[in-house]
Amino acid sequence: MDPIKSNLLSPVALAFALGVVARVIKSEFSLPRDVYAALSVFLLFSLGLKGGVELGHADLSVVAWPAVVTLALGCLTPLSAYAVLRGLGRFSVSDAAGIAAHYGSVSAVTSIAAVTFARGMNAEPEGFMPTLLTLLESPGIHIALAIGALKTAKPGQSVKSVLHEVLTGRSMVLLVGGLIVGLLMGEQHWAGIEGFFDTRGAIFKGALTLFLLEMGVVAGSRLSDLKRVGPFLLGFGVLMPVVHGLAGAWLGTLAGLSVGGATVLAAMAASASYIAAPPAVRMTLPEANPTYYLTASLVITFPFNLLVGIPLYFEAARWLHGAGGA
Amino acid sequence: MMLERLKLVTLVAEPVLEERLTSKLLELGATGFTVTDSRGQGSRGIRASTVPGEGVRIEVVVSADVAAVILQHVKDEYFPSYAVIAWVAEVEVVRGDKYV
Chain A
1 MDPIKSNLLS
11 PVALAFALGV
21 VARVIKSEFS
31 LPRDVYAALS
41 VFLLFSLGLK
51 GGVELGHADL
61 SVVAWPAVVT
71 LALGCLTPLS
81 AYAVLRGLGR
91 FSVSDAAGIA
101 AHYGSVSAVT
111 SIAAVTFARG
121 MNAEPEGFMP
131 TLLTLLESPG
141 IHIALAIGAL
151 KTAKPGQSVK
161 SVLHEVLTGR
171 SMVLLVGGLI
181 VGLLMGEQHW
191 AGIEGFFDTR
201 GAIFKGALTL
211 FLLEMGVVAG
221 SRLSDLKRVG
231 PFLLGFGVLM
241 PVVHGLAGAW
251 LGTLAGLSVG
261 GATVLAAMAA
271 SASYIAAPPA
281 VRMTLPEANP
291 TYYLTASLVI
301 TFPFNLLVGI
311 PLYFEAARWL
321 HGAGGA
Chain B
327 MMLERLKLVT
337 LVAEPVLEER
347 LTSKLLELGA
357 TGFTVTDSRG
367 QGSRGIRAST
377 VPGEGVRIEV
387 VVSADVAAVI
397 LQHVKDEYFP
407 SYAVIAWVAE
417 VEVVRGDKYV
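Keeping their order, the protein sequence lines are chains A and B. Numbering-wise, my numbering puts 266 at position 266 of the first sequence, and it's gapless, one number per residue. Numbering-wise, my numbering comes out as the position in the second sequence, counting from 1, plus 326.
Treat the hints loosely; a few may be bogus.
[What the hints assert, rightly or not] With the C-beta cut set under 7 Å, the calculated list includes, among others, these residues of chain A facing chain B: (1) Pro279; (2) Arg282; (3) Pro286; (4) Glu287.
[Stated by the list, open to error] Result set (DSSO-like, lysine-lysine): computed pairs, CA atoms no more than 30 Å apart in a straight line: (5) Lys401(B) with Lys151(A); (6) Lys227(A) with Lys5(A); (7) Lys401(B) with Lys350(B); (8) Lys424(B) with Lys151(A); (9) Lys151(A) with Lys5(A); (10) Lys333(B) with Lys424(B).
It should be emphasised that the hints constitute simulated quantities derived from the structure, not laboratory data. A quick note: this is a predicted structure, and the numbers were derived from the prediction, not measured. Think of the CB as a built atom: it goes at the ideal place given N, C-alpha and C, for glycine as much as any other residue.
Chain A with its partners taken away, still in its complex shape (with noise of 0.2 Å):
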């Protein structure tokens, strides 16, 4: 079946879509926030352990060159958002700044869901992919904010609270603690909570159905926002993460990684975060429009990546693999 078609009748997409109507038709409905905060939990701290165990097996040799391209997209990602923004959209520097930041940092659902999809297309991504989200996300968001902090000059605000806020956010402690547990306690202790954790399994993607449906609702109550930011946000929401996808799966090829592997990290590279970016860059960036920055990330380049673009970038990782030879 095409990948595309095939995408739009998953569960995760189906959920998202429901979602969005609900909100839409004014239903009352939406997840309790301690639900969907302990869902986020449930599939962030899965992602880490299971990348743990994995990176246990996992050669040095074949980490290493996905490591270096990743952290390379890391200070790309950012940096060309932030050109595009600033040189083509006019933002100001906050803004462009600000936004800036959601597209070098990295949504973790949307890694998650490029992950399903692969698997689901026989292309088993490699095991070690939540370390190379891990090495996505920092620089992504540093450089941006420091940027940001640097080009308005704002005296008080010190980067060392930047800093603590991303390094110590809900979804960075989860991953890289799930990582050094998973890490620690090998396959062996792996197999007792594997029926529980595991991210093939129908627990972890039932969660995910239950979280992506709540995530419509949010963006759902967002949606009005598409009129006031603008077309060129519009389109920059959705070109952006192509071009990043597209660097991504590229690069991602170049080191070595599988089909399945250099769609994840495609998907990574085009994503936008909206859990981790939007806390750290109201506190450093205060006179940034969150509306800008929140519309585009999760209203815009979110569903797009979820529905289109995860099945693009793998079409991108799979024609690379075939060109090269292989």
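Take the given structure of chain A and dock chain B to it, following the hints.
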């Protein structure tokens, strides 16, 4: 019962400011505070947090002097760029010495 007149300062702010505001309150002379989650809409719209309309309501009972310092701080640091509102009310409290 002995009641003492003090000021109740209430701040309603974006959730991201909670930590910064509460630690500042203690630094400026408050002896404690109460935070509750809130929802609402104001002149800045309801857009500043990921979940639209979410806020925190921070309440603190202090002397008139400390209340004035708190308001000045919030005015200088937060009013320009953040969604924050602040007001002061006269209150009569029991065990007034707890708050100063």
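Now the hints, each set against the structure:
1. Pro279: Status holds, d = 5 Å.
2. Arg282: Cβ of Arg282(A) sits 5 Å from chain B, so the hint holds.
3. Pro286: Where the cut-off is 7 Å and the nearest Cβ of chain B is about 3 Å from Pro286(A), the hint holds.
4. Glu287: holds (6 Å)
5. Lys401(B) with Lys151(A): holds (24 Å)
6. Lys227(A) with Lys5(A): Distance of about 28 Å is within 30 Å: holds.
7. Lys401(B) with Lys350(B): Cα-Cα ~13 Å, so holds.
8. Lys424(B) with Lys151(A): violated (45 Å)
9. Lys151(A) with Lys5(A): violated (44 Å)
10. Lys333(B) with Lys424(B): holds (13 Å)
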